[in-house]
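Make the complex out of the two chains shown on their own, each in a separate frame, by following the hints.
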Amino acid sequence: MGMTVVEKILARASGRGAVKAGDVVEPAVDLAMSHENAALVINQFLEIYSGTGREPAIWDPSKVAIIFDHRVPAESAKTAGNQKKIREFVSRYAISKFHDIRGDTGGICHQILPESGYVRPGAVVVGTDSHTTSHGALGAFAFGIGATEMASVWALGTALNVEVPGTILVEVEGEFGSYVGPKDLILHLIGLISAQGANFKVIEFHGRTIRAMSTSGRLVLCNMSVEAGATAGIVPADEETDRYLRDEAGVESVQEHVTADPGASYSRVISIDVSSLVPQVACPHAVDNVRSVREVAGTSVQQIVIGSCTNGRLDDLEVAAGILRGKKVARGTRMLVFPASGRIYAEALRKGFIADFMNSGAVVMNPGCGPCLGVHEGALGDNETALSTTNRNFKGRMGNPSASVYLCSPAVAAASALEGVITDPTEGRN
Amino acid sequence: MGNVVLKLADDVSTDVIYPGRYMATVLPTETPQFAFADNAALNAALRGGQVPPGSVIVAGKNFGCGSSREQAVSALKGYDLTIVAESFARIFLQNAINLGLHIVTAPGVRASVGDDLTVSGENVLNGTTGLSYAVERLPQARQAIIDAGGLIAYTRKRLLDTAAGVTHT
Chain A
1 MGMTVVEKIL
11 ARASGRGAVK
21 AGDVVEPAVD
31 LAMSHENAAL
41 VINQFLEIYS
51 GTGREPAIWD
61 PSKVAIIFDH
71 RVPAESAKTA
81 GNQKKIREFV
91 SRYAISKFHD
101 IRGDTGGICH
111 QILPESGYVR
121 PGAVVVGTDS
131 HTTSHGALGA
141 FAFGIGATEM
151 ASVWALGTAL
161 NVEVPGTILV
171 EVEGEFGSYV
181 GPKDLILHLI
191 GLISAQGANF
201 KVIEFHGRTI
211 RAMSTSGRLV
221 LCNMSVEAGA
231 TAGIVPADEE
241 TDRYLRDEAG
251 VESVQEHVTA
261 DPGASYSRVI
271 SIDVSSLVPQ
281 VACPHAVDNV
291 RSVREVAGTS
301 VQQIVIGSCT
311 NGRLDDLEVA
321 AGILRGKKVA
331 RGTRMLVFPA
341 SGRIYAEALR
351 KGFIADFMNS
361 GAVVMNPGCG
371 PCLGVHEGAL
381 GDNETALSTT
391 NRNFKGRMGN
401 PSASVYLCSP
411 AVAAASALEG
421 VITDPTEGRN
Chain B
1 MGNVVLKLAD
11 DVSTDVIYPG
21 RYMATVLPTE
31 TPQFAFADNA
41 ALNAALRGGQ
51 VPPGSVIVAG
61 KNFGCGSSRE
71 QAVSALKGYD
81 LTIVAESFAR
91 IFLQNAINLG
101 LHIVTAPGVR
111 ASVGDDLTVS
121 GENVLNGTTG
131 LSYAVERLPQ
141 ARQAIIDAGG
151 LIAYTRKRLL
161 DTAAGVTHT
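Protein chains in written order, with the working numbering: chain A, 1 to 430; chain B, 1 to 169.
Heads up, a few of these hints could be off.
Non-contacting residues of chain A with respect to chain B, defined by C-beta distances greater than 12 Å in every case (computed) [said to hold, decoys possible]:
no. : residue
1   : Arg-92
2   : Gly-326
3   : Leu-349
Covered by chain A, according to a simulated footprint, are these stretches of chain B (three or more residues, beta-carbon under 8 Å) [to be verified]:
no. : region
4   : 3-17
5   : 22-36
6   : 62-70
7   : 87-96
8   : 147-158
Straight-line C-alpha distance at most 35 Å; calculated DSBU-like pairs for lysine-lysine [what the hints assert, rightly or not]:
no. : chain 1 : residue 1 : chain 2 : residue 2
9   : B       : Lys-157   : A       : Lys-84
10  : A       : Lys-85    : A       : Lys-97
11  : A       : Lys-78    : B       : Lys-157
12  : B       : Lys-77    : B       : Lys-157
13  : A       : Lys-327   : A       : Lys-351
14  : A       : Lys-78    : A       : Lys-97
15  : B       : Lys-157   : A       : Lys-20
16  : B       : Lys-77    : A       : Lys-84
17  : A       : Lys-97    : A       : Lys-351
18  : B       : Lys-77    : A       : Lys-395
19  : B       : Lys-77    : A       : Lys-85
20  : B       : Lys-77    : A       : Lys-78
21  : A       : Lys-97    : B       : Lys-157
22  : A       : Lys-328   : A       : Lys-351
23  : A       : Lys-85    : B       : Lys-157
24  : A       : Lys-78    : B       : Lys-7
25  : A       : Lys-395   : B       : Lys-7
26  : A       : Lys-327   : A       : Lys-395
27  : B       : Lys-7     : B       : Lys-77
28  : A       : Lys-395   : A       : Lys-328
29  : A       : Lys-78    : A       : Lys-395
30  : A       : Lys-97    : B       : Lys-77
31  : A       : Lys-395   : A       : Lys-85
32  : A       : Lys-97    : A       : Lys-84
33  : A       : Lys-20    : A       : Lys-97
34  : A       : Lys-395   : A       : Lys-84
In short, the hints are calculated from the structure, not lab data.
Ideal Cβ positions, reconstructed from N, Cα and C, are used throughout, including at glycine.
So that you can see chain B by itself, here it is in the shape it has in the complex (with noise of 0.2 Å):
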């Protein structure tokens, strides 16, 4: 499906995902800019368009951790990425389900540079080792946000609905 274009440890915290120097900018359509900006060359490998659509980014436990700033998923989100993480941090989890980041969990998934990945909803294959990695599924409640189709349109259903009379439980 894709190449992996990023091998990252544990404990990637949102400030090597976004630095806080560029906080001031929040909008989603002007984060991705300061994807990764503290590395020179992924940065300008994004920007310059010379990431291929469906690419993976592969990373070990509690990626995404530290900060809650959600520019560090928007601005992900700006690229056609997969992010494959062995877990990752609560917040950041949160809001990428929120923002519909395609994030997948796969507890001791192993990849290099290079690698090509297959992601399902099932499972992670990396076609270049043979080895697949089951995924770990997404509680429901938080699979009700990604179907609707993130949280804006997931809370304005939810707005209308209780004008309309629809309870939730």
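Here chain A stands alone, though its shape is the one from the complex (with noise of 0.2 Å):
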């Protein structure tokens, strides 16, 4: 029986020959990552080992990764006390791949870990956020876990109790057209299978559009995967990934791809051809209400998002940039950009999009999370309604619950910023 590309990592990882959808395991963990939460990973931690008589150890620090990005800077003193504590524990245990609130190293876990070199094809990654699933971009079975289950991560080296998933596997062929992309691939998708459509499974993707695709976008599709309920999404490694992991992460060792066997086992598979695909918005209040953005253009906007760790990238400011150069954001609205990382806004600044931005009319703000789960820098007012580039678009997301908010590309989020209503940004601009 062949297996699917994360059965095989885990048959490895869990030193067994071979394993099937259902099996338990307890793969042995490459990369735990957490953001702020660690404050409760740390209590959680120190638990473990309150009565035992044995002093905390993590069993390997080095491959503990600590990212700043949902509250940063610090947006009241409990958080400000929370990072404190954070830092004083990395200090104490010796954590290397801590990324605190700077403008050269920091930025949102999601795009740390790929631009770092710290996640590769083959690995198990853990992370104490339901996006985690974006790793699985390079080739890694990557998933997200609570805070007390990266405690025992912490403590033990291993995932306990996972069951292998079944997995979905989705053939994508075609060219998109200009200004439609993977943002909108994903948002057809999970409402095509709605938000449980792929609960407890992995989604694998394969077909020619996914493999002319780039690092940044693969980032994309299984970013969201869990907006579909995926446990993890899954690209394959290829040579855009030894090309990714080489130029843009710093990686010069070759590494090892783990490909699906030709009998491999799937509960689904799912054919798309993106060349007749429109850009998608995902409405409110749930992220499988998806209709294209011309049945609802026209709708009025009062606050415009580009950044997240699904759309934050270089290749997602070029592309707003470009539609915003030269124009202005329509008066009634406001329009927020936050870069992904610090790298990635150095970069967007060298070519010229920072300007852009800003000549528009948009802030350009720091990079991080931003208003994306509602924490601070861009709460909405009362029923008011916003579109970004975000993936969730849950009731009171954004800070408020008689606000709404649709989730779009950077291409529709642009466009319709100049407009102040949700444009389709390929109306006009062929």
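Written out as structure tokens, the structure is:
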């Protein structure tokens, strides 16, 4: 019986010859990531050792990554206190993969991990963040866990009682039209299979469109796989993965690629041709409430957000800056731009995108999660509507339960910023 | 056993259970005050002790989807509640098992606010409608964590067993 990519990764990480969906395994963890919720992980980690007479010990501090991104710079004394506590712990336990609030090496965890070369094909990556699925873009098995589970990983170095997930195969063919891309594809897929359509499953992406897609685009697909309930999304590693690791992440050594066996068993196969795909939007208040932009065009928006672990990368900023260049954000609409990392910010500055944003009236913010989770930097007023390149539009998500959030690509966000209403970027721009 | 205090639809996210703006509060002793914070009436009833112990929340499919925030579980754990859902999202389910929140998966379950539910390991009986729903058992590997008293106790035992030379397969 052939194995899927994730079955192969889990077999290797668990020291078994073969595993199949439904088996329970205990894989060794290659990378364990947390952000500010490390404050809770630390609490639970110390609790494990309480009363044992043993000194708390992290199994391998070089495999632990902690990145500040959710509330940077701190929005409150409480957050600042959590961050201070984490810094002290990082120093005491010699955690080297620590990214503090800095303009050079800081940023959103799901950008910092790949761009720093921390994620390798075939690796088992766990993170106390549901969008840890992002790292499947590099051919790793990456999934979100809770803080107490992370405390257990810190102590043992393994993920306990992992059920090998079944796999949904998504075959993507065709060439994207202009101003249509990975975000439209993943929104379309989530609308197709629903917010529960991939629950407890892995989505394995294949097809010529995926092979031709940059790692940046693959990160979008894997990032939002969790919005269909998936345990993980994964793109099997290939030449593009090697290029990204070498040229953008500074990884010199050639990485082994884990590929699916010809006879691998899939629970479902979905084929998508993107050549006829039009810009998509997820409407309030569910990520699977997906329609074409044309169906909701004209909807008035007060806030536009470009950024997040989904769409704050250089190619995202490039397409948005190209649409905004020499034009103005509509009056009555405010636009916030969050580059995903300090490195991306610096590159966008060098290429002139930051100037394009500022000249158009957009506000360029520091790298971080920004208003995506409704903590600070861009909360919505009562009954306001936002159009955002982020990944969730649940009620209350952007800090106000009476507000509405639509999710879209950077091209749709930028075109809509100019009009102050939801606008299809493919109309009048081809 | 308990009355239904809240009936929810499918796909209730952890943003609804525990809004993101309270995420700087992390300790299980402090999170319960923000349970369903955007539902002012329910939040006030919980904090004011007006929800009787043993009360039940009944949800549809995919309860606890979205963010992995463990506060969504520890906040509910602060009250003596049982969560019955048609299904749970993966990370929420695992967090609930790890922290010992009483959750029950009962596909097809139907109930309204005020209904009297009796929950056992086998089924959920709606005493008001007279209908009974089979409970989906947890895989054995997950049950082991509950039996150990939660993941902290389970991991602690693993550490001590390893030190004593006991192997786990």
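Results of checking the hints against the structure:
no.: 1; hint: Arg-92; in the structure: holds (19 Å)
no.: 2; hint: Gly-326; in the structure: holds (36 Å)
no.: 3; hint: Leu-349; in the structure: holds (29 Å)
no.: 4; hint: 3-17; in the structure: holds (count 5)
no.: 5; hint: 22-36; in the structure: holds (count 5)
no.: 6; hint: 62-70; in the structure: holds (count 7)
no.: 7; hint: 87-96; in the structure: holds (count 6)
no.: 8; hint: 147-158; in the structure: holds (count 7)
no.: 9; hint: Lys-157(B) to Lys-84(A); in the structure: holds (31 Å)
no.: 10; hint: Lys-85(A) to Lys-97(A); in the structure: holds (16 Å)
no.: 11; hint: Lys-78(A) to Lys-157(B); in the structure: holds (33 Å)
no.: 12; hint: Lys-77(B) to Lys-157(B); in the structure: holds (23 Å)
no.: 13; hint: Lys-327(A) to Lys-351(A); in the structure: holds (18 Å)
no.: 14; hint: Lys-78(A) to Lys-97(A); in the structure: holds (24 Å)
no.: 15; hint: Lys-157(B) to Lys-20(A); in the structure: holds (28 Å)
no.: 16; hint: Lys-77(B) to Lys-84(A); in the structure: holds (27 Å)
no.: 17; hint: Lys-97(A) to Lys-351(A); in the structure: holds (29 Å)
no.: 18; hint: Lys-77(B) to Lys-395(A); in the structure: holds (23 Å)
no.: 19; hint: Lys-77(B) to Lys-85(A); in the structure: holds (25 Å)
no.: 20; hint: Lys-77(B) to Lys-78(A); in the structure: holds (22 Å)
no.: 21; hint: Lys-97(A) to Lys-157(B); in the structure: holds (29 Å)
no.: 22; hint: Lys-328(A) to Lys-351(A); in the structure: holds (19 Å)
no.: 23; hint: Lys-85(A) to Lys-157(B); in the structure: holds (27 Å)
no.: 24; hint: Lys-78(A) to Lys-7(B); in the structure: holds (33 Å)
no.: 25; hint: Lys-395(A) to Lys-7(B); in the structure: holds (17 Å)
no.: 26; hint: Lys-327(A) to Lys-395(A); in the structure: holds (32 Å)
no.: 27; hint: Lys-7(B) to Lys-77(B); in the structure: holds (18 Å)
no.: 28; hint: Lys-395(A) to Lys-328(A); in the structure: holds (30 Å)
no.: 29; hint: Lys-78(A) to Lys-395(A); in the structure: holds (25 Å)
no.: 30; hint: Lys-97(A) to Lys-77(B); in the structure: holds (33 Å)
no.: 31; hint: Lys-395(A) to Lys-85(A); in the structure: holds (31 Å)
no.: 32; hint: Lys-97(A) to Lys-84(A); in the structure: holds (16 Å)
no.: 33; hint: Lys-20(A) to Lys-97(A); in the structure: holds (33 Å)
no.: 34; hint: Lys-395(A) to Lys-84(A); in the structure: holds (31 Å)
Hint violations for this structure: none, all hints satisfied.
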